[in-house]
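J.: Sequence:
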Amino acid sequence: MRETGILMPVFSLSSATGAGDLGKAAYTWVDLLVKSHVDIWQILPLNPVGYGNSPYQPYSSFAGDDLYLSLERFYELGLIKELPPSFMEHAQKVDYEQVRAFREPYLREAFENFREDKDYLDFIQQPWVYLYGVFRALKAKNDNRCWNEWPEADKNWPIHRTPLDGDIEKEVRYHMFLQYMFYIQWKSLKTYANDKGIRIMGDIPFYVGIDSLDVWADRDSFLLDENGFPVFIAGVPPDYFSATGQRWGNPIYDWDHLKAEGYKFWTNRIGYNQQMFDIIRIDHFRAFDTFWKIPAQCPTAVEGEWIEAPGYEVLDTIIREIPDVHLVAEDLGMLRPQVHTLKNHYHLKGMKILVFSLDASGKYVSDIEPENENMIIYTGTHDNDTVMEWYHKQSRAAQRKVRRFLKSKGIKEGSTAHRLMAYVLKSTPDIAVISMPDVLGLGKDGHINTPGTVGSPNWEWHMPDFKEAQRQLPVLRRLIAKYR
Numbered sequence: 001m002r003e004t005g006i007l008m009p010v011f012s013l014s015s016a017t018g019a020g021d022l023g024k025a026a027y028t029w030v031d032l033l034v035k036s037h038v039d040i041w042q043i044l045p046l047n048p049v050g051y052g053n054s055p056y057q058p059y060s061s062f063a064g065d066d067l068y069l070s071l072e073r074f075y076e077l078g079l080i081k082e083l084p085p086s087f088m089e090h091a092q093k094v095d096y097e098q099v100r101a102f103r104e105p106y107l108r109e110a111f112e113n114f115r116e117d118k119d120y121l122d123f124i125q126q127p128w129v130y131l132y133g134v135f136r137a138l139k140a141k142n143d144n145r146c147w148n149e150w151p152e153a154d155k156n157w158p159i160h161r162t163p164l165d166g167d168i169e170k171e172v173r174y175h176m177f178l179q180y181m182f183y184i185q186w187k188s189l190k191t192y193a194n195d196k197g198i199r200i201m202g203d204i205p206f207y208v209g210i211d212s213l214d215v216w217a218d219r220d221s222f223l224l225d226e227n228g229f230p231v232f233i234a235g236v237p238p239d240y241f242s243a244t245g246q247r248w249g250n251p252i253y254d255w256d257h258l259k260a261e262g263y264k265f266w267t268n269r270i271g272y273n274q275q276m277f278d279i280i281r282i283d284h285f286r287a288f289d290t291f292w293k294i295p296a297q298c299p300t301a302v303e304g305e306w307i308e309a310p311g312y313e314v315l316d317t318i319i320r321e322i323p324d325v326h327l328v329a330e331d332l333g334m335l336r337p338q339v340h341t342l343k344n345h346y347h348l349k350g351m352k353i354l355v356f357s358l359d360a361s362g363k364y365v366s367d368i369e370p371e372n373e374n375m376i377i378y379t380g381t382h383d384n385d386t387v388m389e390w391y392h393k394q395s396r397a398a399q400r401k402v403r404r405f406l407k408s409k410g411i412k413e414g415s416t417a418h419r420l421m422a423y424v425l426k427s428t429p430d431i432a433v434i435s436m437p438d439v440l441g442l443g444k445d446g447h448i449n450t451p452g453t454v455g456s457p458n459w460e461w462h463m464p465d466f467k468e469a470q471r472q473l474p475v476l477r478r479l480i481a482k483y484r
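If you're matching positions, the sequence shown starts at 1 in the working numbering and goes up one per residue.
If you are wondering where the hints come from, they were derived from the structure by calculation, not from laboratory data. Certain hints may be false.
[Said to hold, decoys possible] Ranges between beta-carbon positions, derived for each pair:
1) P323 - E82: 15 to 23 Å
2) R336 - E82: 55 to 63 Å
3) E82 - P464: 18 to 26 Å
4) S456 - P238: 31 to 39 Å
[As the list claims (entries may be wrong)] Derived pair list, reagent style DSBU-like, types lysine-lysine, alpha-carbon separation capped at 35 Å:
5) K363 - K293
6) K170 - K196
7) K407 - K393
8) K444 - K412
9) K407 - K187
10) K196 - K24
11) K407 - K482
12) K363 - K93
13) K363 - K264
For glycine and all other residues, C-beta sits at the position ideal for the given N, C-alpha and C.
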């Protein structure tokens, strides 16, 4: 069966508090997907964002960002006395600092009014929950500095587990409460979506951030020095996006240690995400085959070397321990053939991107039809130009060639954005995913992230309301029906 998905970050959903959350607007969004005959909602990681507000530099692989908690739900539960007023309701960008500052008093009030019950007590039995609370409490105590800059007692707390004073312990409980409420609200939304036939594709980064519970509490799994700083860091060499490569800063795994522990670091991560999502996309899947190892002292990613990873061992273990897991491999970029061999060995779907593949620079426009059908075809992802941004960067001659090419494929009606969308939906793979900015026909103003850059305006795109979506989604629905 052919399926259609929409890539839409939760933070980009329309909301009354400046950033998308798990409240009524998220349910309205699911209803719009159902009405549009969309089968899959693909999101970005929901973990608490750290450096640069990037969902790929989270504070934890398990925790959810309290940015997404619905204040409406707290009011309905009687945890806050008054329904919060609208705040930056029609913003077109997420201002993370202001949104968090607005929400904080309501989150604190809800915590004070919350009474523990059996479900909560069962939830906090998971080992990561208390550890995450301690991590966030000590981080706040230390002016939000990275854990490797903390005093020795705090830095080494996971080793010694010394008693915490009353104020710190209360802060721990506050963060445990937020995680419980996130779990409840997310599972409620996911159940609603699943009951209406919508599957949710989550996303996990291959690497974890240095400033995270993952590294602080399990530092033997990473190549760190005696002070907790990375000896080597992750990234990619010079490529399409950057002449000096991408220096991500994530610590490199100590694969020997992970193997000695039966790769439980990976089975724990994937296993928890399996509870949260129907499909899991692994970002930077190629690092299961080979990864770019950069000396930490190098200011760019130019210096480094490719190192082979034990991908078959890790994936064998994941599939043995979690047999019903549904993984998708992000296999973009210049890859050696072994990456595709690894992906195909496990029958994982890969990815194909319109704006990377439709080349109009030559005499003829290239076709994006893939060599095999076991992949997902996209108009674009969060990391590249929208289709109209890409189109407007082409010369007028190239634009004419694109239009003629689409016409030769029998796609003659609608705007350029709609015709490019139709081309993706008409293509061979069983799953086509359209990014929401492309559904809306946005140009540069719908760009979500530019790889190799940090901070604003990355990760800030926000849909001010559902009006334009309600106008454009019927077009997608007609195209889905036409090319089913």
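J.: Each of the hints needs a verdict: does it hold here or not?
T.: Structure-based check of each hint:
no.: 1; hint: P323 - E82: 15 to 23 Å; in the structure: violated, 48 Å
no.: 2; hint: R336 - E82: 55 to 63 Å; in the structure: holds, 58 Å
no.: 3; hint: E82 - P464: 18 to 26 Å; in the structure: holds, 24 Å
no.: 4; hint: S456 - P238: 31 to 39 Å; in the structure: violated, 25 Å
no.: 5; hint: K363 - K293; in the structure: violated, 39 Å
no.: 6; hint: K170 - K196; in the structure: violated, 40 Å
no.: 7; hint: K407 - K393; in the structure: holds, 20 Å
no.: 8; hint: K444 - K412; in the structure: holds, 25 Å
no.: 9; hint: K407 - K187; in the structure: violated, 44 Å
no.: 10; hint: K196 - K24; in the structure: holds, 16 Å
no.: 11; hint: K407 - K482; in the structure: holds, 16 Å
no.: 12; hint: K363 - K93; in the structure: violated, 40 Å
no.: 13; hint: K363 - K264; in the structure: violated, 52 Å
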